[in-house]
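Under our numbering, the first residue of the sequence shown is numbered 9, with each subsequent residue one higher.
Incorrect hints may appear among the rest.
Below, computed lysine to any residue pairings styled on SDA-like, alpha-carbon distance capped at 25 Å [what the hints assert, rightly or not]: (1) Lys222 / Glu131; (2) Lys225 / Asp105; (3) Lys191 / Tyr163; (4) Lys246 / Ala278; (5) Lys225 / Gln34; (6) Lys456 / Asn440; (7) Lys191 / Pro99; (8) Lys422 / Ala591; (9) Lys369 / Gln687; (10) Lys616 / Pro577; (11) Lys517 / Tyr452; (12) Lys20 / Lys173; (13) Lys676 / Gln273; (14) Lys456 / Ala555; (15) Lys89 / Asn210; (16) Lys173 / Gly224; (17) Lys89 / Glu131; (18) Lys676 / Arg690; (19) Lys173 / Leu92; (20) Lys517 / Thr151; (21) Lys45 / Arg30; (22) Lys456 / His480.
It should be emphasised that the hints constitute simulated quantities derived from the structure, not laboratory data.
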Amino acid sequence: METIRSSTSTRKTDPIHYEILRHRLQSITEEAATAMKRVSGSPVATEIGDLNVAIMDRDGDCVLIGQYIVTKGSTLSCVVKDVLAHYQDNPGIAEGDGFLCNDPYIGIMHQNDIALVMPIFYEGELVAWVGAEIHQIDVGGPTPGQVQLGAKDIYGEAPLMPSIKILQNGKLLHDVERNYLRKSRVPDLLALDLRAKLAACNTLSANLLQLAGKLGKQGLVDFMADILNDAELLLRAKLRKIPDGSWYSRAYMEFDDAIYPIALQLTKEADTLRFDFTGTAKQAPATINITLPSLHALLSGTLVSTLCWDIPWTTAGVERTIEVHAEQGTLVNPTFPAGVSKSTTSIGLLIMALVGNIVSKMLLASGHFTDRAMGGWPGSKAQEELNGINQFGMPFGADILDGMAGGGGARTFKDGIDTGGLVGAAKSSIANVEQYELEYPILYLYRKQLADSGGAGMFRGGNGIDRMYVPHGVERIADVIMHSMGSKSPATVGIAGGHPSATNQFYIKRGALTDAQMAGGELPATFEEIAGETEVHNNMSHSYLAAGDVYRSISNGGGGYGDALLRDPGLVCEDVALGRCTAAAAEALYGVVLTSGGAVDEEATRSKRAALLAQRRAAAELPQRSQAPVRLERTVARLFHGLSIGEGADGGHYFYCDCGCTIAPHGKDAYGYMASAQQPARLSGPYVDPCGLGEAEFRWRTHYCPACYRQFDSSMIRVGDESLPSDHLLHLAPTPIGTRM
9 METIRSSTST
19 RKTDPIHYEI
29 LRHRLQSITE
39 EAATAMKRVS
49 GSPVATEIGD
59 LNVAIMDRDG
69 DCVLIGQYIV
79 TKGSTLSCVV
89 KDVLAHYQDN
99 PGIAEGDGFL
109 CNDPYIGIMH
119 QNDIALVMPI
129 FYEGELVAWV
139 GAEIHQIDVG
149 GPTPGQVQLG
159 AKDIYGEAPL
169 MPSIKILQNG
179 KLLHDVERNY
189 LRKSRVPDLL
199 ALDLRAKLAA
209 CNTLSANLLQ
219 LAGKLGKQGL
229 VDFMADILND
239 AELLLRAKLR
249 KIPDGSWYSR
259 AYMEFDDAIY
269 PIALQLTKEA
279 DTLRFDFTGT
289 AKQAPATINI
299 TLPSLHALLS
309 GTLVSTLCWD
319 IPWTTAGVER
329 TIEVHAEQGT
339 LVNPTFPAGV
349 SKSTTSIGLL
359 IMALVGNIVS
369 KMLLASGHFT
379 DRAMGGWPGS
389 KAQEELNGIN
399 QFGMPFGADI
409 LDGMAGGGGA
419 RTFKDGIDTG
429 GLVGAAKSSI
439 ANVEQYELEY
449 PILYLYRKQL
459 ADSGGAGMFR
469 GGNGIDRMYV
479 PHGVERIADV
489 IMHSMGSKSP
499 ATVGIAGGHP
509 SATNQFYIKR
519 GALTDAQMAG
529 GELPATFEEI
539 AGETEVHNNM
549 SHSYLAAGDV
559 YRSISNGGGG
569 YGDALLRDPG
579 LVCEDVALGR
589 CTAAAAEALY
599 GVVLTSGGAV
609 DEEATRSKRA
619 ALLAQRRAAA
629 ELPQRSQAPV
639 RLERTVARLF
649 HGLSIGEGAD
659 GGHYFYCDCG
669 CTIAPHGKDA
679 YGYMASAQQP
689 ARLSGPYVDP
699 CGLGEAEFRW
709 RTHYCPACYR
719 QFDSSMIRVG
729 DESLPSDHLL
739 HLAPTPIGTR
749 M
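Using the sequences plus the hints, can you model the full thing?
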């Protein structure tokens, strides 16, 4: 296990000034991010906010990151630590210096994320660091954009740039910049984004120096140490309110016709979280791995989003509370030269979703924070990159990031947010359609929320996004590079029996819509009403668009919470009326039948739900083991709606259903005592693998109470894989017989 050493010194800044200064730091990060967006010429920054900034102490630990893409803040620390480790003597670190880096084996997520870090000196002494990072549309490599299809290792991906001094005495070094820009297909855009990052760092630097002038050198250093320690201590205090336990989750990546599982066990003991990736697949040759430094930055960044709703986004303080086990040579700790060109939106988002899922299950068992638990937020997103000659006759590169408007996970008391975004991207957004049409040779036919794309449940996941566009003003877009995870099996799952969301999908119809049709006002409302053969593309595909071709993409929603047959029929009725759910899905998934006037038909709904429950029972496999009834004496923990851990009359601990059934002894083998079913994934929702891309490889596995058949677990598994151990609490000692009430 790799552990970050803890620091628990007392606060040196008085409480009133501390709060004022902490909020001042947060506003400084927002001011810097705004400066970056104003200087950049890329919609990736100006419209979407695929960027971040960070303020770090003199050792490079993140004191505060901005509220944009968390990993683009937390990874900046890795760059600073690399500079401190290698360059203090040669070429040296001085006031006015700046260092550029895109090397994932140092800690950047992938090569297209370019970091700029600068040291802050006050009265001749190093007191802090600042940094900024933007996703760049193109930094070189065989394939335009980020995903280097066909790469056999990192040498077949975009060029690596270990930390290099690009700024000296406050001025850009022309020779270094010239070399940097030469590799890109869009050098002018890269040059502008470099200056955008410099503007952000200068904004951070000026404000920190102003603070140093008020607090003094030591006062600033002490204040930053206070923030780091506070984040750690506040999170540890929160963790101590949660029972000790172990929770499990698993996801699958699809790449080069192979399936790569990612397994994760979270163990919480006292005030420490242990993330164990044992069981994760061996590393892939290229593209989908994540380096160990990046994994640490990803975990701390995810935790500030999922556990630190009332704690400053201080990733270095958060990281002190975690331990990580990731075997060398696996997807999560690859050996060089394994490639990582899509680590962000492949394994990165998938691990963020895994961590969000597993942390939510921990929160469900807490008794204190159940309202903070959620079904999965997007574990991937449908994304495409366009390259070629634009409507102005100039080379262009476009990163179409509409998939960032993924559906939010269902909550324990409310539905997920439709097109709510991504975990760890609080202030990021999607670009306006008009901005894309202005910049690039495309014309949108629609962009909308997709009914039924969120996972069904007692509370449903938020719906995802559906969009369709055509080339416009050009005869051909030479490169369309489609990439995601979750095309064969949903990357976004539910909790407590909630269903997964839609899979990510890519479609093209060739020559289906002419300029004459559009000029005549014949614009289709749906993809289905367009004539022509449909090309179905997988999650890593390189194609093109010619005039008249129609492109469509669906990006996943959020995961559901709880058994869908227990959803309030009134909520289903409202969803149908508002276009969030179709009448067909209302019947098939929720067992809710509506009248011709759109109201709930209560008698028909009761009959339909009884029929669906009977179908569930008929399709299920009986439990492998059975548990004799044990009278419940007291409830130890209520895990979620319908399932509890209780102490029985014999002093032992058991899983109990609300129907009164004693399901299983408490422990990791509870699934063996439950009824279960394995079905095609498409039965979990109308937009889950509708083309059957993964039908031969994946199943939707569900577990039920063996008495009432309430659905307690819903997961996607590879054919032949066993169920994971059941989540369970630790250190539950039986009550001695003589002391039982």
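Evaluation of the provided hints:
no., hint, result
1, Lys222 / Glu131, "holds (13 Å)"
2, Lys225 / Asp105, "holds (20 Å)"
3, Lys191 / Tyr163, "holds (14 Å)"
4, Lys246 / Ala278, "holds (10 Å)"
5, Lys225 / Gln34, "holds (20 Å)"
6, Lys456 / Asn440, "holds (12 Å)"
7, Lys191 / Pro99, "holds (24 Å)"
8, Lys422 / Ala591, "holds (21 Å)"
9, Lys369 / Gln687, "holds (24 Å)"
10, Lys616 / Pro577, "holds (12 Å)"
11, Lys517 / Tyr452, "holds (15 Å)"
12, Lys20 / Lys173, "violated (35 Å)"
13, Lys676 / Gln273, "holds (12 Å)"
14, Lys456 / Ala555, "holds (23 Å)"
15, Lys89 / Asn210, "holds (20 Å)"
16, Lys173 / Gly224, "violated (28 Å)"
17, Lys89 / Glu131, "holds (22 Å)"
18, Lys676 / Arg690, "violated (29 Å)"
19, Lys173 / Leu92, "holds (12 Å)"
20, Lys517 / Thr151, "holds (24 Å)"
21, Lys45 / Arg30, "holds (23 Å)"
22, Lys456 / His480, "holds (20 Å)"
Consistency note: the structure conflicts with the earlier hints numbered 12, 16 and 18.
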